[in-house]
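Enquirer: Sequence:
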Amino acid sequence: MADETFEGVALAIGDQSAFGTVNSTIAGLSGALVVADGIILGDKNSGDGETGITLPNHSVIVREAAQVASSFTQQADEFIREVVEGLAITFPLKGNGASSTPAADEAKPDAGIDDLWGTAGLVGATGAATPDYIYTPRATAEYSTIKLWVADLSFVLMDCLVDSAVIAFAPGGNALITANLKVGSVNTFADGVTFPTFTWGTQSSLAAPTVENVAFTAFGQVRGFEDLTITIANAIEEFGDSNVATTGIRQSQKDRVITVDGRIYLNASDSAAEHDALVDTSAPTVDLSLQLGVARTTTGTINAALVTVNNLQPKGIKYNRTGAAAVVELSGAKATSTTAGTEFSIEYN
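Count along the sequence shown starting at 1, add 72, and that's the number in this note's numbering.
In case anyone wonders, no lab produced these hints; they're calculated from the structure. Just so you know, these numbers come straight off a predicted model, no measurement behind them. Careful: at least some of the hints might be erroneous.
[What the hints assert, rightly or not] Derived pair list, reagent style BS3-like, types lysine-lysine, alpha-carbon separation capped at 27 Å: (1) 254 x 406; (2) 326 x 406; (3) 326 x 390; (4) 254 x 326; (5) 387 x 406; (6) 390 x 406; (7) 254 x 116.
[Claimed, not checked] Derived CB-CB ranges, DEER-like: (8) 245 x 294: 17 to 25 Å; (9) 151 x 398: 54 to 62 Å; (10) 351 x 263: 18 to 26 Å; (11) 261 x 149: 15 to 23 Å; (12) 347 x 282: 29 to 37 Å; (13) 117 x 343: 31 to 39 Å; (14) 91 x 347: 38 to 46 Å; (15) 284 x 326: 35 to 43 Å; (16) 321 x 116: 28 to 36 Å; (17) 201 x 347: 34 to 42 Å; (18) 282 x 351: 31 to 39 Å; (19) 343 x 277: 41 to 49 Å.
From the three backbone atoms N, C-alpha and C, an ideal C-beta is built for every residue, glycine too.
Use the sequences and the hints to build the structure in full.
Expert: See below:
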């Protein structure tokens, strides 16, 4: 018996026109693939098989049959449906590497990253300046189809949503995005598949910007942070629907909360800023922002992003130290706004 060669792990993602309608283009992908096909190159130091992709667990929902009479012998369960849980991908936050004369929307990420942000609950639009492209929270869920290749196997997963997207900023390193995907159902499964070839473009050739000189501003003060994490958490519920093919289960987004956790250096000019915000009885008005990389102007390469969390409301703080410096640890600080879709943005520039 010969071992199956582990040729790799990869995925592509594309949005669906509606729940229950598979993206046939993504489902049919094979052969030589390029970034326009929705492929995303993961971070080698994350996930499984040095791919940045965390492979999911496959299990089944069953109905148990009665044991054999006059014994404890179990009979085979009755299959109801397959459940796929735990799929995730981690990749760096960086630009698309365009270097031509700036044009409107030129900073828009590659197709797969664009669709992943949509599935995470963000909607893209023309940014404040050329060539910027900005994502802000959307009011409705965007379902996606994912094709996942593992060795000579392929899975077409449909009605997928991002349960949470976490952006982790590591000073002296890179900003990494981890998208945890909630799969609706398995549309098709195939064995004996020829593993595709991939042309990654600048996803592989362009180094992600280092988290340095980011002009980090929080609670009205410019200062640094030791670590920072922004989490987009989408509340997704499941409920029965007799007309849903294959599973009889529909999943729907019912809420979203965007939070910040981190360890921030105190500014000597106002070391009480976080505590004042914590106990303030008025609606918050102070923001958090950072510019990762150098924004493109008339020359250079697009490889930067401006991240803004508006009207930040602390939920818990703890004072501590790093070396000789005093720090404050933020826990679950929430992005807020009185206008829909304006509490957060990530602007590729």
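Enquirer: Is the hinted pair residue 326 and residue 390 satisfied, with a Cα-Cα distance of at most 27 Å?
Expert: Violated, at about 31 Å.
Enquirer: Keeping to a limit of 27 Å between CA atoms, is the pair of residue 387 and residue 406 held or broken?
Expert: This hinted pair holds, its Cα atoms lying about 7 Å apart.
Enquirer: Hey, residue 254 versus residue 116, does the alpha-carbon distance stay inside 27 Å?
Expert: OK: residue 254 and residue 116 at ~22 Å, within 27 Å.
Enquirer: Just tell me: holds or violated, for the beta carbon distance of residue 347 and residue 282 against 29 to 37 Å?
Expert: Given a distance of about 31 Å, which is inside 29 to 37 Å, the answer is holds.
Enquirer: Per the hint of 17 to 25 Å, is the separation of the Cβ atoms of residue 245 and residue 294 within bounds?
Expert: holds, 21 Å
Enquirer: Does the Cβ distance between residue 261 and residue 149 fall inside 15 to 23 Å?
Expert: holds, 20 Å
Enquirer: Mind checking the hinted window 35 to 43 Å against the Cβ distance between residue 284 and residue 326?
Expert: About 39 Å separates the Cβ atoms of residue 284 and residue 326, which means 35 to 43 Å holds.
Enquirer: Take the C-beta atom of residue 91 and the C-beta atom of residue 347, compute their distance, and say whether it sits inside 38 to 46 Å.
Expert: holds, 45 Å
Enquirer: Could you see if the CB distance from residue 282 to residue 351 stays within 31 to 39 Å?
Expert: Check passed, 36 Å falls within 31 to 39 Å.
Enquirer: Quickly compare the C-alpha distance for residue 390 and residue 406 to 27 Å and report which way the hint goes.
Expert: This hinted pair holds, its Cα atoms lying about 16 Å apart.
Enquirer: 54 to 62 Å was suggested as the range; check whether the CB atoms of residue 151 and residue 398 agree with it.
Expert: Since residue 151 and residue 398 have Cβ atoms about 59 Å apart, the given range 54 to 62 Å holds.
Enquirer: Under the criterion that the straight-line Cα-Cα distance not exceed 27 Å, is the pair residue 254, residue 406 satisfied?
Expert: Given that 27 Å is the threshold and the Cα spacing comes to 23 Å, the pair holds.
Violated hints, in rising order: 3 and 10; the structure is consistent with all others.
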